[in-house]
Structures are given as structure tokens and as C-alpha cells.
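Residues per chain are reported as follows:
2 protein chains.
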Amino acid sequence: MSDVAIGVDVGGTKTLALMIARDGRMLGEVHAATPHAIAESIGAPTAEVVAGLVKELCDAQGRSVSEVPIGVGLPGMMRRDGRLVYAPNLQSASGAELGPLLGASLANANVFCENDANCAALAEHEWGASRGIDDFVMVTLGTGIGGGVFADGQLLRGRSGFAGEIGHMVVVARGAPCLCGNHGCWERYASGGGLHRLTREAALEGRLPTLVAQRGNAAAVRGEDVTAAAAQNLDEAVVVVREIGWWLALGLANLAAILDCGHFVIGGGLSSASNLVLPAARQYVADLVEGHAARPEIAITSSMFGPRSGAMGAGLVAFERSQ
Amino acid sequence: MSDVAIGVDVGGTKTLALMIARDGRMLGEVHAATPHAIAESIGAPTAEVVAGLVKELCDAQGRSVSEVPIGVGLPGMMRRDGRLVYAPNLQSASGAELGPLLGASLANANVFCENDANCAALAEHEWGASRGIDDFVMVTLGTGIGGGVFADGQLLRGRSGFAGEIGHMVVVARGAPCLCGNHGCWERYASGGGLHRLTREAALEGRLPTLVAQRGNAAAVRGEDVTAAAAQNLDEAVVVVREIGWWLALGLANLAAILDCGHFVIGGGLSSASNLVLPAARQYVADLVEGHAARPEIAITSSMFGPRSGAMGAGLVAFERSQ
Chain A
1 MSDVAIGVDV
11 GGTKTLALMI
21 ARDGRMLGEV
31 HAATPHAIAE
41 SIGAPTAEVV
51 AGLVKELCDA
61 QGRSVSEVPI
71 GVGLPGMMRR
81 DGRLVYAPNL
91 QSASGAELGP
101 LLGASLANAN
111 VFCENDANCA
121 ALAEHEWGAS
131 RGIDDFVMVT
141 LGTGIGGGVF
151 ADGQLLRGRS
161 GFAGEIGHMV
171 VVARGAPCLC
181 GNHGCWERYA
191 SGGGLHRLTR
201 EAALEGRLPT
211 LVAQRGNAAA
221 VRGEDVTAAA
231 AQNLDEAVVV
241 VREIGWWLAL
251 GLANLAAILD
261 CGHFVIGGGL
271 SSASNLVLPA
281 ARQYVADLVE
291 GHAARPEIAI
301 TSSMFGPRSG
311 AMGAGLVAFE
321 RSQ
Chain B
1 MSDVAIGVDV
11 GGTKTLALMI
21 ARDGRMLGEV
31 HAATPHAIAE
41 SIGAPTAEVV
51 AGLVKELCDA
61 QGRSVSEVPI
71 GVGLPGMMRR
81 DGRLVYAPNL
91 QSASGAELGP
101 LLGASLANAN
111 VFCENDANCA
121 ALAEHEWGAS
131 RGIDDFVMVT
141 LGTGIGGGVF
151 ADGQLLRGRS
161 GFAGEIGHMV
171 VVARGAPCLC
181 GNHGCWERYA
191 SGGGLHRLTR
201 EAALEGRLPT
211 LVAQRGNAAA
221 VRGEDVTAAA
231 AQNLDEAVVV
241 VREIGWWLAL
251 GLANLAAILD
261 CGHFVIGGGL
271 SSASNLVLPA
281 ARQYVADLVE
291 GHAARPEIAI
301 TSSMFGPRSG
311 AMGAGLVAFE
321 RSQ
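Chains as they are written, first to last, in the numbering used here: chain A, 1 to 323; chain B, 1 to 323.
Bear in mind the hints are in silico, worked out from the structure with no lab data behind them.
It is possible that part of the hints are untrue.
Stated by the list, open to error - To be clear about the criterion: a stretch of chain B counts as covered by chain A if any three or more of its residues have a C-beta under 8 Å from a C-beta of chain A, and this derived list gives those stretches: (1) 19 to 31; (2) 169 to 179.
Unchecked claim - With beta-carbon atoms standing in for the labels, derived distance ranges: (3) A219(B) x G216(A): 51 to 59 Å; (4) S322(A) x E201(B): 54 to 62 Å; (5) P177(B) x R174(A): 39 to 47 Å; (6) A293(B) x E48(A): 24 to 32 Å; (7) R222(A) x E201(B): 36 to 44 Å; (8) L204(A) x L204(B): 31 to 39 Å.
Claimed, not checked - A short list of chain B residues far from chain A (calculated; beta carbon distances all over 12 Å): (9) P35; (10) V238; (11) A253; (12) L276; (13) A280.
Yeah, the Cβ is synthetic: ideal placement off N, Cα and C, and Gly gets one too.
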């Protein structure tokens, strides 16, 4: 039984790898850009990057790859056998047999694959913001929206292990087109991609005059401009950030109605704007959830490990499944 | 340990009470209209009707009320202590302390309250359409939409017992107003109420010329006219019924993404039109669920006990909780 594990989180932009101890302490951290080129062997570039980071961590810590269990978190529908059957936000690895590919790149390694948001949920439940909480949903706001659902103290997996694809819950029937091929998915409205879309709309509609003047034209205003300006209390930007909070609350209210979870842990890249988005979401969820007055308070908190939740949870998966 | 139990289902229109044996066999059945008047003591008329049906069943079967455990299924957010904290589709009992009220009407009785769709899910799982299936959702299409979620072989209850309020999942942000005070809830589109709304819209837009001619004017065309005409293959009516199937599929696809349930059992009053609605829903769900090609087939089947699922499940609850 190893005293350390490696957890890798393959994100839309970067791939992060941590070596952690059993109590969650971080012993090493490396990262690289996530490859997006579509290779002939689907997913091979992803496996190569992951293998490189694993070797780098092992070398730095004086460990052999074969003695350290490795967990890998990936976005999308991940089967228990390590096949990423569908990943609309990581097309270069959608359909890849990641388990076998990593086994080939890392001879004698013990590799365990899991959905990235499920990993984040496991880490936050074990060590972080949802310790001791039986019913909660981890919501990762990145390019898309990932989810990990805990019900009655257990990670909800569903029939094939695909549970928690909350970003593809439709909240606007026949709405904005999504990378998954459907229309009106929640992640088109409340993720980093949603911020981008709302920013563009607001700029073109003349609702962001200061930022448009700064950038020279409406099309040049980026989501980051809006969150930065909102942090400086520029009213026109605050309005847009609060809209993201409304869309976030809408999906959380849906999940609360379906699951009766009392707690949401918000992580992922967009959570950097969380000191603006979360207060708005807390306020709006009261209007949006059925029977709000009759429910105990619904908590909406930031993840404790921020962008590291997924990798930490992948390490936890490695510990648990290698026993 | 009693060899029989009574299960009562308080529906939007009628209240049904069954006496059942441990194997689910029905020994007696009575019903009455559900009272909707708002009494000074909220829920008292509901409790009175339930108590009357229970006494009627016990008298007919030569049983004493005190020796037969009684389960009661109610629509809305039901707390474990028997308080129906919020019921948008049964305003006359919304907020009622049903447990104590029934205890007062039925001295020495053992009464156990549960959400009606949870009851239906329990009955279908024990004896019916979802026997042996670990991950499924019971969907009751009536005035509104109720839900009972099974995950990993267990009824999902959530923090306060409110899980499964799937009808109040918003699928059209800022859409049609709902009795719950929110807008765009699924039950505004895919329930009996949704059929009514779609019928009215179609009639006013001139898409139901034959039925409008039969009834004399657009406002007089009812949902039942549409389902009856669709059953006779009248094209204009089939189109509307297929729309209901699309809306049903939209919500089912959302639930499949969140829960990865492989099976839906459809019950409730509208399921009388299920031989038209379900084939449409089966077809549309393929377009609407994320990564359909990568998932095993999603089954959408009719409930085995139709309008009796809820009452049978309430009886099952009575057996289980009185042990």
C-alpha cells in the first residue's frame, strides 16, 4: 500500500498533476498545456502529456512509476473501464480508451480514471468544503460545467458511471447551441463560456459602454475584462456578473428540487469571480427554488482547493482503488 | 405485524384508498373526491376524507383501524414527520400537519405519510415495471409532474425528504408561470396542465381546425379532445400529442444527464395517452440527451399499476415503517 499517490486533472486549458500523501498534503505539483489537436490515435496526445507529467513528478520525488497509484480526472462521460466515451469539451480525447493508452505509456503503472468533477467532489468531501456533508453537489465552472453528486454520503454514479453531467441539463428549451449537439444546456449560460456569451451580447447591445471604449470595439471585450471591472465595482460590469449569478442559481435550484441537496460547492476556473457571482447566486436561488420558505437554507460555498480539487480527488481515487 | 395495510393516494382530483396484502394483492378499493376548499384548519378536510375512506375499508373488511398500518401519499414537499410543507397543486393542504390531523381523526391508528410519487416508485420497484432495476425514475404525469428517484437500489430522499420534485425543474428560463411561483417549470409543458396549455395554443393558432369546428370555438377545445382524436389518428391532434412527447423527453434527458438512470417509469393520469406520448418521447430523447450514441439504451415504459401505483406504494410504506 503506497503512502503517496498521483492525481492528474485534464482540464480544457491545462493539465495539472499532483503528488499527494494519504492525508491530502501536497508533495509535488507540475502542469502542462492540454493538447487539443485531433491525433490519428484518438487521445494519444492526452495520454502522452499525462505520462510526461507523471514521470516528471516521480523523478522529482525519487519514486518509481510502478509503485505509485495514479488517478486521472477527465471531463465528460467516463466509463468505469477507463474509456472516455464522450467529451464535448475535450474533442481531442472524446471516445479515447484512456486506460489502455496510459497503460501503454506508463508500463506497470496502476492507473484509475474518473470524471474530473466527481474527483473534485470526492476531494472536497474528504478534506474540503463539504466534509461531513451527506447531500451536496460539486459544481465546476470552467469552459463547461461539471458536476459530482453526493447523495446520502455516497458519490452517485448511475448505471454506467455517467451521473453528474449537470452542465448538459437544458434550461432554455431550443436555446443556444451547445458543443454536445443539443440546445440550451446550462453550461451555455453559467460557465466561462456563458460569461463570454453574455459579455458579447451585453457589449453589442450597448450595455458595456466603458469597456467597449477601453477595448476599441464591442467584439474585443472579453469575459475577463468584465470580471476584472466588476471587482473594481464598475456598475455596467457588475450587472453582467450578476446575470451569471442568476443563471448559476437557476441550475442550482433545479438540482435542489430534484436531489434535495442542501449544499453546493462551487469550483473551477470561473470561481475566481466567485466573490461576485456567489452572493448573487445565493440571493437568486431563493426566488428560483420551489418552496424556498419551506426548505432549510441552501448553502452555496466556494471549493476549498480551487483549481486543485480535481487533481487532489484523482489522487484520492488512486488511493482508494489501489487498495 | 399486520398481514394487511391500507394505502391512500391523495390526488389532484380524487383520493384513492386500497387495502392490500403483503404481496401487493388488492383486497379492497374505495375512493372519494379530493376536497379543495381552504378550511380554517388547513388540511382538515383532506384528513377527514382520508379518515372516512380508511374507516370504510376497515368496516368492509371487518378490521379495526388500530390494527392496520396506514400509508398516505401526498403531492408536494413532504417532511418525514408528516408535515406537507409545500404543495403547489394541493393548496388546500399546503403546509398542513397531516400526521397529527390524521392521528386526531383516526384514534390509535398508525399513520405514515410520504410523497405520492415516491410511493409510486416504491410500488413499481417492489412489484411492477421497475422490479430489479437499481437506477430509475418514476415520473407521474397528472395535473403536475411528480417524481421518485431510485439510485443504486435505494429511494433517494435528500436532506429533508424532499428529493424528486422533478416537475419544478425549470426547462424554459423565464417561461410560463407555474403555481409554485416560478416560471418555466417542466410541469407547465409535459403534464396534463401542459397538454391543456399546448391544446389552447394550437387551437388559437389555427392548428386544430377540425376540433375547433367540432367544439364551435377555439377556447372550448380540451386536452381530452386532442388525446381522443389522436387515438383516432387525426393528424392535427397527433402533432400536439407528439409535442407533449417532446417536452416529456426534454425533462427525461435532463434527468438522465444528471442521474444516469437507464429507465423511466411513466404513470399518472396523463399516462392514459401513453401509447401515443411514449413512442414520441422515446424517439426524441435520443436527440436530447448528451452523448446518446455513447449510452446504453434509455428505457421509457408505462407503470404497471397505472393510477393505483401511488396507493399501492403508500400501503408498502405502511408495511415497512410499521415493522
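Regarding the assertion that V238(B) does not contact chain A, is the least Cβ-Cβ distance greater than 12 Å?
21 Å, holds
Could you say whether the range 54 to 62 Å given as a hint is met by the Cβ separation of S322(A) and E201(B)?
Holds - the Cβ-Cβ distance for S322(A) and E201(B), about 58 Å, lies within 54 to 62 Å.
The stretch 19 to 31 of chain B covered by chain A? Criterion: 3 or more residues, Cβ-Cβ distance below 8 Å.
n = 0 at 8 Å, threshold three: violated.
I want to verify a distance hint. Is the separation of the beta carbons of R222(A) and E201(B) within 36 to 44 Å?
41 Å, holds
Is the claim that A280(B) lies outside the interface with chain A correct, judged by CB distances over 12 Å?
15 Å, holds
Consistency of beta-carbon spacing, G216(A) to A219(B), with hint 51 to 59 Å:
55 Å Cβ-Cβ, so the 51 to 59 Å window holds.
Given a hint of 31 to 39 Å, does the C-beta separation of L204(A) and L204(B) actually sit inside it?
34 Å, holds
So is A253(B) really clear of chain A, every C-beta pair being over 12 Å apart?
Answer for A253(B): violated, closest chain A Cβ roughly 7 Å.
Look at the Cβ atoms of P177(B) and R174(A) and judge whether their distance stays inside 39 to 47 Å.
19 Å, violated
Distance restraint hint 24 to 32 Å, applied to the beta-carbon atoms of A293(B) and E48(A)
27 Å, holds
Given coverage of the stretch 169 to 179 of chain B by chain A, checked by CB-CB distance under 8 Å (3 or more)
holds (count 6)
Please confirm whether L276(B) is truly not at the interface, meaning its C-beta sits more than 12 Å away from all C-beta atoms of chain A.
21 Å, holds
Of the numbered hints stated above, those contradicted by the structure are hints 1, 5, 11, listed in ascending order.
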